[in-house]
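**Q** One line per chain: the protein sequences are A and B, in this order.
Mapping of the first sequence onto the working numbering: residues 1174 to 1566, in sequence order.
Mapping of the second sequence onto the working numbering: residues 1174 to 1566, in sequence order.
One thing to keep in mind: the hints can contain errors.
Covered stretches of chain B, as calculated for chain A (at least 3 residues, CB under 8 Å) [claimed, not checked]:
hint, stretch
1, 1178-1187
2, 1204-1213
3, 1390-1399
4, 1417-1429
5, 1462-1471
Facing chain A, a subset of chain B residues (Cβ under 8 Å, in silico) [claimed, not checked]:
hint, residue
6, VAL1192
7, HIS1193
8, ALA1232
9, LEU1233
Quick caveat, the hints were computed from the structure, so don't treat them as lab data.
The structure presented is a predicted model; accordingly, all values stated were derived computationally and were not measured.
Quick reminder that beta carbons are idealized off the backbone N, C-alpha and C, glycines included.
Number of protein chains: 2
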Amino acid sequence: MQSFQPPERTLMGPGPSDVHPRVLAAMARPTIGHLDPAFQTFMEELKAGLRAAFKTENALTIPVSAPGSAGMETCFANLVEPGDTVVICQNGVFGGRMRENVTRAGGNAVMVEAEWGRSIDLDATEAALKDHPEAKILAFVHAETSTGVRADAAALCALARQHDCLSIMDTVTGLGGIPVDVDGWGADAVYSGTQKCLSAPPGLSPVTFSDRAVAVIKARAHPVQSWFLDLTLVMDYWDGAGGRSYHHTAPVNALYGLHEALLMLHEEGLDAAWARHAHMHTALKAGLEAMGLSLLVDAAHRLPQLNAVSVPDSVDEAAIRKFVLERYDLEIGAGLGTLAGKVWRLGLMGQSARPDRVIKCLAALEDALAHQQAPISRGKAIPAAQAALPDDS
Amino acid sequence: MQSFQPPERTLMGPGPSDVHPRVLAAMARPTIGHLDPAFQTFMEELKAGLRAAFKTENALTIPVSAPGSAGMETCFANLVEPGDTVVICQNGVFGGRMRENVTRAGGNAVMVEAEWGRSIDLDATEAALKDHPEAKILAFVHAETSTGVRADAAALCALARQHDCLSIMDTVTGLGGIPVDVDGWGADAVYSGTQKCLSAPPGLSPVTFSDRAVAVIKARAHPVQSWFLDLTLVMDYWDGAGGRSYHHTAPVNALYGLHEALLMLHEEGLDAAWARHAHMHTALKAGLEAMGLSLLVDAAHRLPQLNAVSVPDSVDEAAIRKFVLERYDLEIGAGLGTLAGKVWRLGLMGQSARPDRVIKCLAALEDALAHQQAPISRGKAIPAAQAALPDDS
């Protein structure tokens, strides 16, 4: 056993994304106590930074002390009671995970399904809500990391309100990369992750709850089945009014990292960050198409930060990932579930959404495909991407 | 909003403890993917380091991706099914939290209670097990952080086996500070934390499960109510056989820190680390008693790493904590629950169990108490502690 020296990777899979040295340096600052007065000021800043990123005034806006999957569970475990009906839109892995969460909380999941890589049909969703007037919640994935599909979050949140439902939105991969407007959309419970477009290390899950959702939690008939994730207890620690009461020990250094990542987002500006992700996507797409590759998701529903690229026939997709990792220290993602073996997932998230990363990724893919004698056009991808980069990027 | 620069504290409360610069530096190394081949080798080393610390050969020995409270919930949520009876020993805060966990998992909690600050009576525990032959689990806190009481873990684990129960042991504050012998004791499910005697930042919870416990989990009639903490899924990620399957994104950088902390423990040696904690306790106690202060817990059941000190009559205990924080940058802990206002909790955990910390703590306390004209002997504590330090420390 000796100290672990990780290789220097470029992270262009589905997350984690590249972490900026400022964020890494913040994580290495001295640990202080989770009840230290200095930490309490810090917590208020952190909540303000999260509210700005989510575009919300929600009082209950905090980082859950565990990765995004625990943020998902926080939303479902706190809002679903035994017997509740939840309409879930599924067009990838994470809608299926929502179903698991609902079932394990004793709820009834009503699924609205679409093919993986396609968007959720609003009419089908509305029909499900009409068929289930008892539904309490509509849940959907804003940015489906397994496929690269973007949902029409504004329309889905509006549908939920029209049918007197709360909305639960997964924007693990969305936050910081594409517009997220929690208050504008009227989303009720939203969770995200730190290791995608915020470019902090994995381990925390920012969540935000509308006052309407908080009222539902406070009026529960049954205790939340998880003590660790029970927001009626957690909020007493994060809500400074009347002094913070100990619940669990907050992950102090991980929170330092998230704070620095939010500060960097603030310095860049939300609009500029969204534009950067869009521009890098345009450049990557230009390069991929010039090479002869195609994207799985149609342009209208495509996430800029998660690009599912169809694997050409006869190409050994795992060998391509191994090649770019070994020769270029470049991580790209495999397909999940029904898309395993059929796509690569190229992430352009946070610090990985930079011109040098786009060019590196195209160069590495071209090299790897050429080694397999794949039918691609050589020498065209990088000029095409460079031509698509905005002048000020 | 600007970068957060934490004050430089000395952490001698109930945790977090001081984090060594080597561990902080490890946390700041570049993030790599949680499925990276290099990370898989690292994970095997991390599990080996945890097994050495726990003194176990248990295959299922991993860090849960969240703080100690989630480690507790991992044990209860995976082992308790609706209707199960669990005998819980409670003599502080954390036994009460165990009860919450059992109840929320649908189990029946049978409490064996002792006054806070006293040890659990073995005869009373045995009587409860005899009264409840249907009991499936005996749960207890090995190192009660709220009071500083050490349980007779070997005897309690043996009682569990005699009554055909699994044992669940909380050693959040124990691991690395006092002997923990999971295999020797035959403990079945054990959880700890990183921010106590391991001296890594808070955020992870090492757990270990005997093969007997794993068999019970695999034979469950009901799914684990938490998807995030469901070990039947989590173990597919941590068990390298057949490739790691994605469950949730592991907190990569926090794991770097834990790995480095385990390496430091390995370098020092378990026996030496336990001896260091014992010696620092002896020195601190000598100083406290020379000053005229007394410890809450009797010597036979006292944890060296968590010292509950009785607050003298007429002393404003909160003002003392404020004074040492502001003048000395020293964090000490308040009492919890029934001991609020009645004790301070002085931690000697991990990197905080060092001669300079013992002396600093005594100097700061003496200064603070003198400022309140408390009836203490001045000038005696530090020489007494120094006389009690071993020559080689």
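**Q** Confirm or reject each hint.
**A** The hints, checked one at a time:
1. Figure legend: the stretch 1178-1187 of chain B, annotated as covered by chain A; annotation consistent (7 residues with Cβ-Cβ distances under 8 Å, at least 3 required).
2. Counting residues of the stretch 1204-1213 of chain B whose CB lies closer than 8 Å to any CB of chain A gives 8, so the stated coverage by that chain holds, three being the minimum.
3. As drawn, the stretch 1390-1399 of chain B meets chain A at 4 residues by the rule of a beta-carbon pair under 8 Å; at three or more, the given contact holds.
4. Counting residues of the stretch 1417-1429 of chain B whose beta carbon lies closer than 8 Å to any beta carbon of chain A gives 10, which reaches the threshold of three, so the coverage claim holds.
5. Counting residues of the stretch 1462-1471 of chain B whose CB falls under 8 Å from any CB of chain A gives 0; the rule of at least 3 is not met.
6. Here the hint on VAL1192 of chain B is kept, as its CB sits about 4 Å from the closest CB of chain A, short of 8 Å.
7. Taken as an interface hint, HIS1193 of chain B does not check out: its beta carbon lies about 10 Å from the nearest beta carbon of chain A, beyond 8 Å.
8. A least Cβ separation of about 19 Å between ALA1232 of chain B and chain A goes past the 8 Å threshold, and the interface hint is therefore violated.
9. Given hint, LEU1233 of chain B at the interface with chain A, is violated; its Cβ is 19 Å from that chain's nearest Cβ, farther than 8 Å.
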